[in-house]
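Enquirer: According to this note's numbering, the sequence shown is numbered sequentially starting from 58.
Careful: at least some of the hints might be erroneous.
[Said to hold, decoys possible] Only pairs whose alpha carbons sit at most 25 Å apart, straight line, appear in this in silico SDA-like list of lysine to any residue:
hint, residue 1, residue 2
1, K92, C172
2, K92, K137
3, K101, D131
Honestly, the hints are just simulated from the structure, not real lab data.
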Amino acid sequence: MNKLALATALALAAFSAPALAASWNVTEESASGIKSAQGSWLLKTEGDAFTGTATLQRDNGTEVSYTVEGALKDGIYTVKLDKRSDDKKGCVWTGHAQAATALGKATGFIGDVVCEGSKFVIRAQGQ
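Build out the structure end to end from the sequences listed, making use of the hints.
Expert: Below you can see the structure in the form of structure tokens.
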């Protein structure tokens, strides 16, 4: 539980400064764990809220892009993934801290994305 509290505190600290730029490595995977796209979120943060853009490359080489808008509350990220170039609609990611390593090092965030008619997983780690 202390590792989760540490990861949450680090995330809060990362998003506490006004209007900071951040880059996150992001992986989208199917619900069964097969990676389908990798790339980054470029975010502008202000307090616990953030906006930005995403650019990912799929396994087949095509690109998927979208806008990102969300906030952190009580250690949980709620993020709208709008204007997706793959035409998925109504997508919202609910992410939480992953379990820390045995050495107590944070490993990023994971959560389900629910869209109209589909569901997948995003793993994200700030740089």
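Enquirer: Please go over all the hints and tell whether each is borne out by the structure.
Expert: Here is how each hint holds up against the structure:
Annotation: proposed proximity of K92 to C172 holds, straight-line Cα distance about 17 Å (limit 25 Å). This hinted pair checks out: K92 and K137 have alpha carbons roughly 20 Å apart, not beyond 25 Å. For the given pair, K101 sits about 20 Å from D131 by alpha-carbon distance, which is consistent with the 25 Å threshold.
The structure is consistent with each of the numbered hints, conforming to all of them.
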